[in-house]
Each structure stands twice: as structure tokens, then as C-alpha cells.
Amino acid sequence: MAEPRKKTAHILLTLPGKTPVSLELFPAELWPGQPGAVAGVFRVRQGGRWVRVGGEKYSFLPPAAVGELVARLLGPLTGDAAPAEEPRPELPVGTPVRVANGGRAPDGTLLYDCTRTATQPHQGADGRWYVHVLLFGRGLVQVPVSECRR
1 MAEPRKKTAH
11 ILLTLPGKTP
21 VSLELFPAEL
31 WPGQPGAVAG
41 VFRVRQGGRW
51 VRVGGEKYSF
61 LPPAAVGELV
71 ARLLGPLTGD
81 AAPAEEPRPE
91 LPVGTPVRVA
101 NGGRAPDGTL
111 LYDCTRTATQ
121 PHQGADGRWY
131 VHVLLFGRGL
141 VQVPVSECRR
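In my numbering, the protein residues as written are 1 to 150.
Hints are computed from structural coordinates only; laboratory data are not their basis.
As the structure is a prediction and not an experimental result, all values here were calculated from the model.
Beta carbons are placed, not taken as given, at the ideal position from N, Cα and C, and that holds for glycine.
Please note that a few of the clues may not be correct.
Label pairs and their calculated CB-CB ranges [claimed, not checked]:
| hint | residue 1 | residue 2 | range |
| --- | --- | --- | --- |
| 1 | E90 | F136 | 19 to 27 Å |
| 2 | V70 | R98 | 32 to 40 Å |
| 3 | G17 | R104 | 45 to 53 Å |
| 4 | G103 | P4 | 21 to 29 Å |
| 5 | A118 | K6 | 30 to 38 Å |
| 6 | G75 | A105 | 19 to 27 Å |
I would like the entire structure built from these sequences, with the hints used as guidance.
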């Protein structure tokens, strides 16, 4: 189905002996009200299908994650093997965790909010594991599992 929204960029990767891969980037602002739809991130279509991170209907990728997606697609050309899959982290829904809130104490140490996981860990387009947590004043926020402290 044709996409009526105006794309920001279109990348066509043609590798020897492979079917060409099309990546279309749409600015997240075209989906107002969706979680994660902020300026500077993109919704990506690969081969006419939306890239869905963690099974979410609307997934938005920062430029670095788009770059990692392109790098992963170029892997066979450069001889790079696909990175080894990390096993799903053991972090069930409701696990108490601490997440950095962006603030710092007067001595420079990071400040953390205590919360609980709201979802099972899911793997992002960048290959990292993420989990959603509920943060005061920010709502449901996706954070890398590596940044969650128990």
C-alpha cells in the first residue's frame, strides 16, 4: 500500500547477489500523540513494511539506530558477521529497578528514580535490550536494560 505521508529520506542498498533493500525514513512528527514521536527520530519502512521494535505498532528510531540498521544490512558486504545474539535478560514485569533521571547531586553523582518494570525486555533495532518503566512526570519510558539498576 502506498504511504501518503512525505518521507524525509530514502536509502536503497544494492549488494552483489542480493535483492535490493529499500529503507524509507519518515519524521516522527507525522504521528502526533504516539509514544516516542518526538523531533529528531524517524519511523522506518524496510521493504515496504514498518520496522517494529519489540512488537510495538509505532516504533521510532534515532539516527544512530538507523545507522546501525544500515550497518547490519551491509554486514555481508564487509565480511562482518552478525553480532551474537544476547539472551533475553531476566527482568520480569514488576521487577523493582532504579533508573537515572538525568539529575545530579551537588557532588556530581547521578540521581535515580525508583520504579518497576512495566514490560518484558524486548530487543531494539540496534540489537540492545530495552524495557519500559513508569517514571514520575514522564509516564511510560523505554530505557536500555543496561541502564536499569536493581
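We went through each hint and held it up to the structure:
no., hint, in the structure
1, E90 / F136: 19 to 27 Å, "26 Å, holds"
2, V70 / R98: 32 to 40 Å, "34 Å, holds"
3, G17 / R104: 45 to 53 Å, "52 Å, holds"
4, G103 / P4: 21 to 29 Å, "42 Å, violated"
5, A118 / K6: 30 to 38 Å, "34 Å, holds"
6, G75 / A105: 19 to 27 Å, "42 Å, violated"
In terms of the numbered hints stated before, the structure departs from hints 4, 6, listed from lowest to highest.
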